[in-house]
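Asks: Residues per chain, in single letters:
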Amino acid sequence: MEVLVKITISLKEGMLDPEAQAIQHALANLGFQTEKLASARLFYITMDAPSDQAAVDQAKLMCERLLANPVIHRYTIEVVK
Amino acid sequence: MRFAVLQFGGSNCDLDTHHVLQEVCGVDTDLIWYKEKLSHPYDAIIIPGGFSYGDYLRAGAIAARTPIMNEVMNHVRTGRLFLGICNGAQIGAETGLIPGTFAINAYPKFTCKWVHIRVENERTPFTSLYKNGEIIKIPIAHKEGRYVAPREVVTDLNRTERIAFRFCDERGQVTPAVNHNGSIENITGILNDRGNALLMMPHPERASEEVLGSTDGRRIFESMITYIEKGR
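Chains as they are written, first to last, in the working numbering: chain A, 1 to 81; chain B, 1001 to 1232.
Since the hints were made in silico from the structure, they are not lab data. It cannot be assumed that every hint is accurate.
Dumping the calculated DSS-like pairs for lysine-lysine here, alpha-carbon to alpha-carbon at most 27 Å [to be verified]:
hint: 1; chain 1: B; residue 1: K1131; chain 2: A; residue 2: K12
hint: 2; chain 1: A; residue 1: K36; chain 2: A; residue 2: K6
hint: 3; chain 1: B; residue 1: K1230; chain 2: B; residue 2: K1131
hint: 4; chain 1: A; residue 1: K36; chain 2: A; residue 2: K12
hint: 5; chain 1: A; residue 1: K60; chain 2: A; residue 2: K12
hint: 6; chain 1: A; residue 1: K6; chain 2: A; residue 2: K60
hint: 7; chain 1: A; residue 1: K36; chain 2: B; residue 2: K1109
hint: 8; chain 1: B; residue 1: K1143; chain 2: A; residue 2: K36
hint: 9; chain 1: B; residue 1: K1109; chain 2: B; residue 2: K1143
hint: 10; chain 1: B; residue 1: K1131; chain 2: B; residue 2: K1109
hint: 11; chain 1: B; residue 1: K1143; chain 2: A; residue 2: K12
Pairwise CB distance ranges, derived in the manner of DEER restraints [unchecked claim]:
hint: 12; chain 1: A; residue 1: R41; chain 2: B; residue 2: E1185; range: 22 to 30 Å
hint: 13; chain 1: B; residue 1: G1009; chain 2: A; residue 2: V80; range: 29 to 37 Å
hint: 14; chain 1: B; residue 1: R1159; chain 2: A; residue 2: E64; range: 27 to 35 Å
Ideal Cβ placement from N, Cα and C applies to all residues, glycine included.
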């Protein structure tokens, strides 16, 4: 069956995120005051898998082997449909 | 003796590195496109700077998963030399040659300028023609060069003398003001556990001829050549 998974890759808590800081600064220049800003990367991946769990397992392997860098990243995986 | 310089789509310091090895250092050097086989048992492999795969995903991440990197890892396992310069260092880190990674600079902008680095370990195949504490004038040119690793990893790297270079000022002082990308402990050159692979963000090939403004970087290549000659 076809399964669509959504993978979110973000920096681990406490990791410096210079791009997020720059964006926050730019928002401040536009008059938007923000308490905290974090950026993340989304991947939507459709794959053929025998079950939702099998698709999640595959997505986890993808994160570990390519999509995320375990030194700096954490990731979440959701089945969309 | 024969060196190889690997080329990925987006490598752009390949010809400079080849020129310095072949013409300045006088060592036979092949340019190898990443889809080719490493037909020769090379004495040293260098991955040069550039923007392989447009830095998609993370700098070096895609190139690190190409089949030729399996051959590079086999080469390193035999104890022969490997040097990753800038994007080559990012690729090497993504391949797992060293712990830690090169993240986006603390000030998130491409930085291209002459800097000073200090030699932290003269007893490596890459630095034997320098002295500990020697200051090298050399350019950097990167946006993702901030070395990041867990604290315990850095402690271990220090203990096992796997730090090759740190950013310093012209007098050799390692300070936050000259930490050009925000690397932990100003680190910008790291050795693998066996000491036969060096990953560094600065560009020695751009500091290898008088006309370029410095010849300080050339001794990295010459140290490698000396090491290989001694091993024969």
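Asks: Honestly, which of those hints from before does the structure not fit?
Replies: When the structure is compared with the hints, numbers 1 and 10 turn out to be violated.
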